[in-house]
Amino acid sequence: MTDTLKNVIAQTEQVILGKPQQIRLALTCLLARGHLLIEDLPGVGKTTLAHVLSRTLGLQFQRIQFTSDMLPADILGVSIYQRESGEFKFHAGPIFSQMILADEVNRATPKTQSALLEAMEEHQVTSEGETRPLPSPFFVIATQNPTNQIGTFPLPESQLDRFMMRIQLGYPDATAELGLLSGVDRRDLIAGLQPQMQTSELFALQEQVRKVFVSPALLDYVQAILRHTRESARFVHGLSPRAGLSLLAAARAWALLDSRDAVIPEDVQAVLPGVASHRLQSVHDTQASDGEKLARELIEAVAIP
Amino acid sequence: MKLSAQLTYGLVACILLVSAPHADHLPPWVIAECGALLLWRTWLARSGKTLPPRWLLLGITMLSVAAIAISFRSLFGREVGVTLLILLSALKLLELKAVRDATIVIYLSCFIIITNFFYSQSIPTALFMLATLLVILATWVHMHTGALAFKPRLRIGSMLLLQAIPLSLILFVLFPRVQGPLWGLPQDAYASSGLSDTMSPGSVSNLSLNDAVAFRVSFDGIVPSRDKMYWRGPVLWEFDGTTWRRGHNATTLKRGLQEAGDPLGYTVTLEPHNKRWLFALDMPDKLSIPHILTPDFQLLNDKNVNARLRYHADSFLSYRANPDELPRQLQRALALPRGLNPQARQLAAGWRQQHPRDDAAIAREILQHFNQGGYVYTLEPPLLGVNGIDQFLFQTRQGFCEHYAGAFVFLLRAAGVPARVVTGYQGGEYNALGDYYILRQSDAHAWAEVWLGEHGWIRYDPTATIAPARIESGLFAAVGDTAILPFMLRDPPPWLRELRFNLDAMTNRWNQWVLGYNEETQFAFLTRLGMEDVSWQKMALNMLAGIFILVGIFTLLMLRRLVVRQTDPVQLLWLRACRKLERHAGLPREPHEGPMDYANRIAAIHPDLAEDFHDIAARYASLRYGGEAESEGLAAFKDAVRAFKL
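Chains as they are written, first to last, in our numbering: chain A, 1 to 305; chain B, 1 to 646.
Just chain A, with the same shape it has in the complex (with noise of 0.2 Å):
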């Protein structure tokens, strides 16, 4: 691993504490060009979280808040009449930006919701008939309270597919909590944050990630993991051809964030639970949260070939 991600890793866990297995995979998100979906309570650093990554990575960050009552155009932005030119000018809205934080990305309505979606899948915009790109790298990271809450729309599994992975960060350990309370407050810390990282070094990783190697023999144990969730009882669905992909790239940014130049199998079962936990449901108790669980199981049921 370069000292530039040593970097990046250690100055996050100096903000987020107790959590490196959740910076860690966050990183591999961001590494594998996918893009991350939090799913937690209210006030458990998810923001944070963003916030000090984009510091970190020297990343434009920008924050959606979103809500019941927002527009499309008010995240993707809008054309406007100037009187002095007479023509219409775009004001590019808040998703012109290389990282997002899409906060609470539940509260707003569906078509909201998938105006945000189509844009992380396209890495481009259209509006008004014209489509412009969205800068490079972009990263969105959304962040969502727990279906049951009130006033919520649930993201759709057609949605949830789109996230590479879903990461929950739970309350932090004793020591944890002991040191975010007597510490310094965490607003001042990002502020205070420098990046250790130019944007071309990130895109120099991202491409350093396509070339980790992957043998057939991984490949294997990659397509046994699918076919099992696609033939056991024990799920609704299998798990889709992009689940597998993003499975792959997360494993190889996984391994690199581990100095290795191939994959082996320890990197597959780190990232599965985060890639698969959103994507598998369980025929017996339709219960989101036990995804993390399931995918433990899984790992379990498929014998490394």
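By construction, these hints were calculated from the structure, which means they are not laboratory data.
Just so we're clear, the structure is a prediction, and the values are computed from it rather than from any experiment.
We put the CB at the ideal spot given by N, CA and C, even for glycine.
One should not assume that every hint holds.
Claimed, not checked - Computed footprint of chain A on chain B; a stretch qualifies when at least three of its residues, placed anywhere within it, have a C-beta under 8 Å from a C-beta of chain A:
hint: 1; stretch: 589 to 596
hint: 2; stretch: 616 to 624
Stated by the list, open to error - Derived CB-CB ranges, DEER-like:
hint: 3; chain 1: B; residue 1: Arg579; chain 2: A; residue 2: His237; range: 46 to 54 Å
hint: 4; chain 1: A; residue 1: Gly183; chain 2: B; residue 2: Arg561; range: 54 to 62 Å
hint: 5; chain 1: A; residue 1: Asp173; chain 2: B; residue 2: Leu572; range: 39 to 47 Å
hint: 6; chain 1: A; residue 1: Ala204; chain 2: B; residue 2: Leu572; range: 35 to 43 Å
hint: 7; chain 1: A; residue 1: Asp173; chain 2: B; residue 2: His614; range: 38 to 46 Å
Starting from the known structure of chain A, fit chain B onto it as the hints suggest.
This is chain B only, laid out in the frame that chain A set:
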């Protein structure tokens, strides 16, 4: 777990398919009730409504059983049993709640399949039941797999069916065929029609309209010409003016057959006709099954033929039958009812005067009379009154073979010549595909036998004089394109004839090898397969051995799928290293555990092994998952694994 609507449809289809063939003999109200129940159930599944309450089902059940008891006047017996079974299984569909109920319906359907064979054992029935079984299996698979598409369901079902074929073959061939009521079908399982032991005007011509198969014959070698193929059935002695009867035949009388030439061997497969007599060529000599040969050369079985019967027979085509017939029998062959048919008697008396001593000449005169007297051979002769023979001879002059045979014998008896009527079948249709002859009911025939002293009983066929085509080519050629002749007897186009022969050849084989596979054929077949001293103990042993071998083969095939043979040298070495750890440290690798995780776990428990095993795991990971070329690292990896000691 609630049963899905899809599964319910499948179960409804199962019950519908297995009971459908019963529709032709169930009471109409049962059919209506079953139909209504199935429709009701389908509607409930479709609309997602709740099932009817228990008290309602109980009420319907009680009423149905009571109705069956009333309509059959009994609650026992095959017919009632089948009806109850079908009605109750349709009712069972209305209390489908759990998987258990669905399982019961599946098993019930399989059981009801068997009941269909009480009524028909033909190839179409068997094929239909096979298709039904496939549907049942597919539904069963559906029950266990849930959300599987229709096609893979059908595929698994067919696979199960295919896998069952070898097993059922073994059971079919080797299961000891014990003769007994336990295995036998009910006696009335076969509908039957055929020659009766009486003959009156119209009885044979009625039979002629029936194209059902009477029996099939395959000859051992020489095939006689068609005009010699007289298949002898009941011999009729007594005449009351309209009807000819067998009369009482004392079995103690002796027979005397003086044969000439070689016997002719052939095998007959007789369809059940619920009468005692068997058919054989004139004159039968030997038979392969227990039988009685009466003094007038009738073959009788020891009981009514109510199951398909196969036997081998020898006959002599040239013979002298009973040249020294007893006077008592000759007396019977001369008896005539008093007072009837005066004109015929007069005619006969005239011939007697012309030929006072020559009996054969009188027979010739009668035949000549038939030939030149303007007589017509027809399937639709006019009805005859009290003096039937007179009416026939002098007024209508239209008749079928029973009219001619009857009048012929009457005239002979009136002239004082002993004669009797013989009924049976004549001719046969050759099926080149199966190399056998088919005798249909329409081939039923009646002819006469005249006793001519030292020549014995001689066959005379008056029909041959009037309509020679009937004897040489068959009924169709003789009576022409009459509207009342059934389709099967007309001259069909060649392709249809071909198809008919194909179907009949298939049916014949089915009858002989599947339905007719009894103790006797089983023993013969097994002997031909090379089993010495066939006994049922041997069969049972062989059967068990066969089943074990078969199940063994299937088990091996299935296990082979589970065990993947590992050929990759890297993988083999790694598994060897893991086995070492498992054996000596008792720490087996979990199947889902990656090499590095395993190494870390080992290191935590056995710090002394940490370094060596980490090395092995890292080498393995880089060889198997890294881009490293095998040739370089493999040797080092091999050495590391070999050197790895606990």
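Exercise. Provide an ascending list of the numbers of those earlier hints which the structure does not satisfy.
Key: Of the numbered hints given earlier, those the structure breaks are 3 and 7, listed in rising order.
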